[in-house]
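Chemist: So the sequences go chain by chain: A and B. In terms of our numbering, the first sequence opens at residue 1 and continues consecutively. In terms of our numbering, the second sequence opens at residue 1 and continues consecutively.
In short, the hints are calculated from the structure, not lab data. Accuracy of the hints is not assured; some may be wrong.
Unchecked claim - The list that follows gives simulated cross-link-like pairs (lysine-lysine, DSSO-like), each with its CA atoms no further than 27 Å apart:
no.	chain 1	residue 1	chain 2	residue 2
1	B	LYS36	B	LYS152
2	A	LYS29	B	LYS36
3	B	LYS448	A	LYS29
4	B	LYS152	B	LYS100
5	B	LYS100	B	LYS36
6	A	LYS395	A	LYS169
To be verified - To give an idea of the chain B side of the interface with chain A (calculated C-beta under 10 Å), a few residues:
no.	residue
7	LYS163
8	ALA216
9	VAL225
10	ASP233
11	LEU284
12	ALA291
13	LEU294
14	SER363
15	LEU366
16	ASP367
17	PHE403
18	TYR445
19	LEU447
The model shown is predicted, which means the values in this text are computed figures rather than measured ones. Ideal Cβ positions, reconstructed from N, Cα and C, are used throughout, including at glycine.
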Amino acid sequence: MNANVWIVQNLWLIPAIPMVAAGLIALLKQPQRKASASLAIGGLGISLLLAISAFTHVLSAWSSGAFTRSAVNFTWFEIGTTHFQLGWVLDPLAAVMLVMVTFVGLLIFIYSTGYMAHDENFTRFFCFLSLFAGAMLGVLIANNLLLLFMCWEIVGLTSYLLIGFWYHKPSAAAAAKKAFLTTRVGDIFFLLGIVWLFSQTGTLLFYDNGAGAIEPAALATLLSQHAALGLTAATAIGLLIFAGAAGKSGQLPLHVWLPDAMEGPTPVSALIHAATMVAAGVYLVARVYPLMSAGATPGSTTVALTVVAWIGALTALFGALVAVAQNDIKRILAYSTVSQLGYMMVGLATGGVAIGMFHLITHAFFKALLFLGAGSVIHGCHEEQDIRHMGGLRKSMPVTFLTYSVGMLALSGFPIVFSGFWSKDAIVGAAFAWPISKGPFVLLIIGALLTAFYMTRQVAQVFFGSYRGHAHPHESPRVMTVPLAILAVFAVGLGILGTPAWPWFTSFIESKPLALDFAGFSEPGLLPLMAFATLLVFIGLGLGWMLYGRKPVNDPHAPDVLQQASPVVYSWLAGRLFWDELYAATILRWYAALAWLADFLDRRLWGGIVSAVSASFTGLGWFNKSVDSQWIDGGFDKGCEELVTTGGVLAWLQAGRTPGYLRSMLVGLLVLAGLALAIGASLGQVRL
Amino acid sequence: MNSLNYASLFQLTLPETILEVFSLLILLVDLGFLRKSAQSTRMTAACVLGVIGSLAAAICLVCCPQFTSNTAALVSSPIVVAAQIGILLLTALVLLLSFKARFSRNPGEFVTVVLLATTGMLLVTAARDLLLIFIALELLSLSLYILTAFSKSSAQSAEAALKYCLFGGMSAALMLFGFTYLYGLTGSTNLAEIAASLATQGVTPLLIVALVMVAAGLGFKVAAVPFHLWAPDTYQGAPAPVTALIASGSKVASFAVLVAVTTAVVPAAASSQASSQGASWTVLLLTMAAASILLGNLAALVQTSVRRLLAYSAIAHAGYMLLGIAANTPQSGTAVLYYALTYALTTIGAFGVIAIVERTTGSDNLDAFAGLSRRNPLLAGTMLVFLLSLAGIPPLVGFWAKFNLFAAVLRAPSTTVWGLGFVAAALAASAVSLYYYLQVLKRIYVLKPTNEEPLEVSPLELATLVLITAAVVALGLFPAALASWIPLG
């Protein structure tokens, strides 16, 4: 691919424009709401156009059979002979993500103008959103792990700022802090991985004409280096980077922040905690995939990928299990996101970049749709989030109901027409074909069944039956429902890009030629597997409908059907398997003890040393002062007496007496001459 | 001068000539055509012409073919040209910040003298002959004395100028005395020939005395301890744009000539004989450096006037740069130049802010800055960037300047454990310096303003300050940007 094309050379504009917009919005005053929204939407709109042009550029390179990756690097700074380079890369992976993030982001920005219309900090909200968009796009195009990490941290910062956007709510402030600290745990490992990689390869560029850190030459050195426990350096670094990805993408055991992050405004949950930022971890794994898979041969895999697969599968099942017993509409979706991110990780680990990324893209659309739909429901029910206090909303909110159902069916993997079916099926198929173990596959199909179940439960409680709340639900304004409709179209239509007969997405990501071939369905085992998955989905949907749809609940305070069946299991699931309590009892307690110890040392030990030092300096000062006063009192000439009356040496220095100045300059000159002569004499150069 | 004919001499001094022509033009316009016009019109016309003149000279330097010659009295190497372009740009910035200055009733004369001072700086930077160095330094110094006294209604200004002049006169006399000894010892006024001659003879007490006297003259220009005493009073008393000029362009030129003199009297070769030859000069520089770093940073701690604070901080910065000069390698020379230029840029910005605050509050006390962030957030933001850059906080350019300088000192082959100690002390001292910079920032950002009303700034001044801020940030973010211009080792 020709790197001299305008869009490749100027790819940095895509993140830069929203960032500049954020800076400009920050300068606006609180009442300038329209200006701030226009700046944010306009900035991201331009980025979307640029992203589309980048995408078409990659597309044309692919269709003409040319090389589809191009990187632009430049020297950031030099230390000695080391040139530290930064740069950006445009390849199918980045191009797809750029279009997805800018497009979904733009829809959510527009939706937010309606959702946040009554918030007094409207301008601040759009400033943060724009900054987020810029940083996220920076993550996508970075061709340098450090640059990626910087943008990654800005993304984390904006996530913190937006979760805590309503900081006057203590729960929101706490959730923001929790998110920031938990992801930081992963980021520390990530940073360690970066440093290690740099020390081994001397570069952090991904692609640099064969000299990049994830290109074959560097990977060969990494594979030959041995770290502890029989791991190669490549594996160890891959695992460290994956820890960062797990923090951001809410994988076990660092998932605890994501459900709490729902304290932020709903558009934030949709954009950051469903569609884009949490997918950054998945994207990171995809970006460093050559490193993760270094040394794998057909029929085997690497330690790093095995870990990714198992963590992902466990997370997928865990999220689905917990989602079954939640009552907050956004919390259900949050656990569903945790679960789906697990699917993506398994897809990456067992099927490769394309399979994981395809689910990322389809999920981004239908999960954004679901969150925005949930936002619309919350908005319509006057800030009610508990699904037990909803019901029957299909009549009062028809557009929301229709689009929400589309999202729900896509998430459940309803066959053929919905995109989620194809992307999830590809992952399940890849997990089934994984040579190492069938464990992840089993976990995934149980998760798939539960997904269909909990989504049916949610939709049945929210939209069917009779209304159990106290407000007067109403449909949301056009500015909110139109983005829903657009997202719904994509939640259906995107599936067409990833069917076995026409695997457009896989071919595009892997830059392989593409042809329409229905023989893709006749691969051995594929159709039975699809049928099996479909069957599970139908079982999940049917179970959900049987338990919650057929006999609508009328009393919001009645125990859940599952709770009646098995109170113990239900309480465990409702308590989210007590991860938070586990952390509170172990890590946090240790941490508190450590903090206490540090505090104690600070106050008693270090504080004492500091006081001792300061006391000795004070003593020295007293000594100096007494010497000075003795010296002055002793007096050399009458001038000194005058000095005493004007207040000592310092005042003398500042009194601005020119003769004194000139005299001291001469003294200085003589001292310097004496010193130079003495040193010259001591070195034997000068005979005095 | 023997190797130069008049045509090439004219070509070599074309930038200086352009400046002279523009200064005469300004006088003509101001006294001839605008005599009846309003004060502000005259100031604007003079400043615009001055800015055009300095930019024209800079463009001439960028575009004209240059040639190098080692025996000539004036040289034109890439480093010299880089310093000269930097000086011209700094002068243009000072003039841009002078538009609204109200201290003078003779704007034409003011800008003319500024351009004359700039001419002096350019010549000082390029001169490689003792006589020419002296004459150029005097042109620079005399112009600066006049400029310091320019606020004729202010007693402080006159006092500052008188002190500056007395001090300058004395150190110039000492330096000239030192130059005559050098001439007597070597039989030449050309630096290259002096270097060649010194390399063949031993060290005599006479040479050491000569060197000390030269050090006194140049130490005065860069405000190094113990020749620094004029600096706080002059910084405080002079009109703000003049202080900015003294702290910026004049410093760059003085450090450039100091590098040139050091290269001449300390043979570059690292042989044992050579290193002992230059030992006394190096000792002088190191003593001055250590004293400057220590005294500058400590005295700045207790200042209540921001101008005096910056004056003492300037003394400390001069100390850091003297360390670089003492290291005496090509890398450290360029690192010093880089430091001087970026320091000058930042200081001009800081004095621009001080001038604005002074104009509205009538004082440059720390308390005058209280609550500036609420009165004018953008102005406060620029000051934040300037002060943090002076303190050497990454990612601002001041960090890279310090980093390059100290790295160059540590890499120099002559650096021993002593050099390491000096660098460690300098690093510790720059940590101390953060305290007094933060004292100013604390007033700006934390304390409540005594006067709540917004502080009005003219768009041009604000634009200039934002431009400087952007340069400070951008050069810090992309430290390689200047690499083609000032090659750092």
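Chemist: What hint numbers does the structure not satisfy?
Modeler: Hints 2, 6, 13, 14, 15, 16, 18, 19 are the ones this structure does not satisfy, whereas the remaining hints hold.
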